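Participant: Read top to bottom, the protein sequences are chains B and D. Counting from 1, position 243 in the first sequence corresponds to residue 549 in this note's numbering; the numbering is continuous, with no gaps. Counting from 1, position 246 in the second sequence corresponds to residue 248 in this note's numbering; the numbering is continuous, with no gaps.
Do not rely on the hints blindly, as some may be mistaken.
As the list claims (entries may be wrong) - Selected chain D positions facing chain B (in silico; Cβ < 8 Å): (1) M57; (2) F99; (3) Y183; (4) L185; (5) Y214; (6) L215; (7) E219.
To be verified - From chain B, some residues computed to sit far from chain D (all C-beta separations above 12 Å): (8) G310; (9) R317; (10) G318; (11) H362; (12) F399; (13) T444; (14) A471; (15) V501; (16) R510; (17) A573.
Simulated from the structure, these hints should not be mistaken for laboratory data. Keep in mind the model is a prediction, meaning the values are calculated, not measured. Where a beta carbon is used, it is the ideal one built from N, C-alpha and C, also for glycine.
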Amino acid sequence: MSAGVIGRTVRGFTEALAQTLEAEDSARERGLLQALDPRVKVVGLLALVVSAALSHNLKVMAALFGLAIVLAVASRLSLRSMAKRVWLVAFGFTFMIAAPALFLTPGERVYSLGWLAITAQGLRSALMLVARVETAVTLSTLLVLTTPWMHLLKALRTLLVPVEAIMLLAMTHRYVVLLTETANAMFESRQSRMVGRLNGHEQRRLMVNTGGVLLSKTLEMGNQVFLAMQARGFRGEVRLLDEFRMRGWDYVAICGFAIAVAAAARAGR
Amino acid sequence: MHIPDGYLSPSSCAVMYAASAPCWWAALRRTRRKLFGRTLPLLSLFAAFSFVVMMFNLPLPGGTTGHAVGVGIAAIVLGPWASMLAISLALTIQAFFFGDGGITTLGANCFNMAIVGSFAAWGIYRLVSLGAAAESRRRVVAAALAGYGAINLSALLAAIELGIQPTLFHDATGAPLYAPYPLHIAIPAMMIGHLTIAGAAEAVMSAGLFSYLRRSEPGLVGIAATPKGTRRAVGELWGALAVVLLLTPLGILAGGAAWGEWAPRDFAETAARARIAATSGNTAPPVSAPSGMARLATVWTAPLPDYAPHFVKSAGFGYLLSAMFGVGLIVAATWLVQRLTEGARRGER
C-alpha cells in the first residue's frame with residue numbers, strides 16, 4: 307500500500323480540519339480574550355506582535371512572551387496544545403534556520419567545538435530570532451484561537467481592509483474547509499480501493515489527477531454558488547452586520563495593551 | 003518560502019506592505035467590475051483550491067516530495083490580476099488561521115508569491131506558448147515553465163529580502179537582529195531547494211492541471227472551446243470543399259439541359275426546343291416563352307451568367323472562378339450572421 311504520500315496528505319488534511327474545529331471551540335470558551343471586543347483584540351494583539359518585531363532586547367521579548375502565556379491561561383487555552391502545535395513547531399523550524407548562524411556569524415568567539423566556534427554575535431542573533439518568532443507566533447495564535455473567524459474578519463475593517471477583501475476572505479475560509487473535506491474524502495476513498503504499491507510516476511499522476519478533479523469540482527461549485535447568490539438576491543452590494551459594541555472592560559483592555567506596547571517600545575531599544 | 007514573523011524588520015515589512023498595497027488596489031479595481039459576477043465565487047474558490055493544493059504531498063523524481071503553491075495554474079486561468087488576489091487570499095488565510103507565514107510579513111509573502119509570482123507565471127506562459135496550437139505540447143511545457151519560473155523568482159525575492167537584513171539591521175556588536183544570513187548565504191540556501199524540489203513540484207502541478215483543464219475546460223485556459231474532434235472535422239470539411247471546387251469544371255462535360263432551367267430565348271431556338279422536348283417526355287414546348295416568364299426574366303441580370311464571366315475565355319476556369327466566388331460569398335454571409343447574432347446575445351446579457 308502506498309501509504310506514503312497519500313497517508314501524509316490525508317494526515318495533513320485531518321490536522322488542518324482538527325485545527326479549524328479546535329479554533330472554533332476555543333473561541334467559544336468563556337475566557338479573558340474571548341470576552342473582549344474583536345476590534346480591541348485585533349489592534350491590541352497586532353500592536354504587541356509589532357512591538358516584538360521592533361524589540362532588540364531579549365528581556366523585553368521574554369516579558370512579551372510571558373504576557374502571552376498569561377493571556378493564554380486567562381483565556382482558558384490549553385498550554386499543552388499550544389506547546390505541541392505552536393511552540394515546538396516554531397522552535398523546530400526556527401532553530402534549524404538559526405543554528406548555523408551560531409557558527410557563521412563573524413564575531414568574538416565564546417565557545418569552541420573542535421574547528422567550529424560559536425560567536426557571541428551568532429549566539430545573540432540566534433536567540434533573538436528564536437525568541438522573536440516564538441513571541442510573535444504565540445501572540446497571533448492567541449488572536450486566532452480566541453476570536454471566531456467571522457468576527458476576526460469584521461474586526462479587520464478597523465485596519466481599513468476593504469469590504470470586498472473581507473467578503474472574499476470570508477468566502478475563501480468556508481471553501482477552504484469544504485474543499486479540504488472533499489479532497490480528504492477523495493484521497494481516503496482512493497486509499498481504501500488501493501492494493502499494492504504505486505511507483506513514483508503513478509503517485510505523481512494520482513496527485514495531479516486528484517488535483518484536476520478537485521479543480522473541476524471547484525469550478526462547477528463556483529457556478530452553482532453564483533447562481534445561488536443570484537437566487538437569494540445578490541446584486542453586488544456587500545453589507546457586513548456590525549454588531550460589535552464596546553463595553554467598559556474593552557476600554558480597560560485598550561489601556562492594558564497601550565501600556566504593554568509603550569513599555570516594550572521604551573525598554574526594547 | 004512563507005516568511006514567518008520575526009525574520010524581517012518592521013521597516014522591511016512596512017516597505018513590502020507599501021509595495022503590495024497599490025498592486026492589491028489595482029487588482030481590486032481591475033476585477034471590481036467582474037467581481038460581483040461569476041468572478042466573485044470563482045476567485046474565492048480558486049483561493050481555497052490553491053490553499054488545499056498547497057497541502058498535497060507531491061512525489062518528485064529522486065524519492066522526495068514537495069508542495070506546490072498553485073500560482074502557475076491560477077495565473078493561466080484567472081490572469082495575473084485575479085490570480086494575485088486569489089493567491090493573496092490563500093496566503094492571508096494561511097497566515098491568520100494556520101500560522102504558515104507571518105502576519106507582519108504577509109505583505110512580503112504576498113508580494114513575492116502572489117504579485118510577482120502571478121505576473122511571472124502569466125508572462126512566461128504567454129511568451130512560451132506564443133503562436134502554439136491549442137493541442138500543442140508546447141502549451142504544457144509553457145505551463146510547467148510558468149510554475150517553475152514563478153516559484154523560483156518568488157524564492158529569489160524572498161532570499162534577497164532575508165539576505166539584506168543582517169546588512170541593514172544589526173546591533174552595535176554586529177549581531178544581526180533579524181534573519182541572520184547575508185545574501186551570499188541566503189540566496190543559495192533558498193534557491194537550491196526551489197530550483198530542485200519546490201520548482202519541480204510547481205512545474206508538475208501546473209503542467210498536470212493545465213493538461214487536465216485543456217481536456218475538460220479548454221475555454222478556461224485561453225483555448226477556444228472547440229474540442230479536438232470538432233476542429234479536425236472542420237478541417238476535413240474545408241479540405242472536401244477545396245476538392246469539390248477543383249472538380250467544378252466537370253459540370254461542363256454533362257450533356258443536355260436541366261429540366262425547368264430554361265431561358266426565354268430557348269423557346270425560339272430549334273436546338274433548345276428539341277432539348278426541352280427530350281427532357282419533357284417528348285412534349286413539344288410552347289412556340290414562345292410564357293409571358294410571365296418573359297417579364298420576370300429581365301428583373302435581375304446575374305453578374306456571372308452561365309458561370310462564365312465575360313472576361314474569361316476558358317469555360318472550365320470560368321466554372322472554377324464562379325465556384326470560388328460563390329463559396330466566398332457564403333462564408334462571408336455566414337461570418338456576418340455569426341457576428342450579428344453574437345452581438346445581439348452580448349446585448350441581451
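Participant: Hint by hint, note whether the structure agrees.
Facilitator: Hints, one by one, checked against the model:
1. M57: Hint on D/M57: holds, closest Cβ of chain B at ~5 Å, below 8 Å.
2. F99: Status holds, d = 6 Å.
3. Y183: holds (7 Å)
4. L185: violated (13 Å)
5. Y214: holds (3 Å)
6. L215: holds (7 Å)
7. E219: holds (7 Å)
8. G310: Per Cβ check, B/G310 is inside 12 Å of chain D; nearest 8 Å; violated.
9. R317: Its Cβ does come within 12 Å of chain D, the nearest being 9 Å, so this is violated.
10. G318: B/G318 not clear of chain D: closest Cβ-Cβ about 5 Å, inside 12 Å.
11. H362: violated (6 Å)
12. F399: violated (8 Å)
13. T444: violated (10 Å)
14. A471: violated (7 Å)
15. V501: holds (19 Å)
16. R510: About 5 Å separates B/R510 from the closest Cβ of chain D, which leaves it inside 12 Å; violated.
17. A573: Correct as stated: the minimum Cβ-Cβ distance to chain D is 15 Å, above 12 Å.
When the structure is compared with the earlier hints, violations turn up for hints 4, 8, 9, 10, 11, 12, 13, 14, 16 and for no others.
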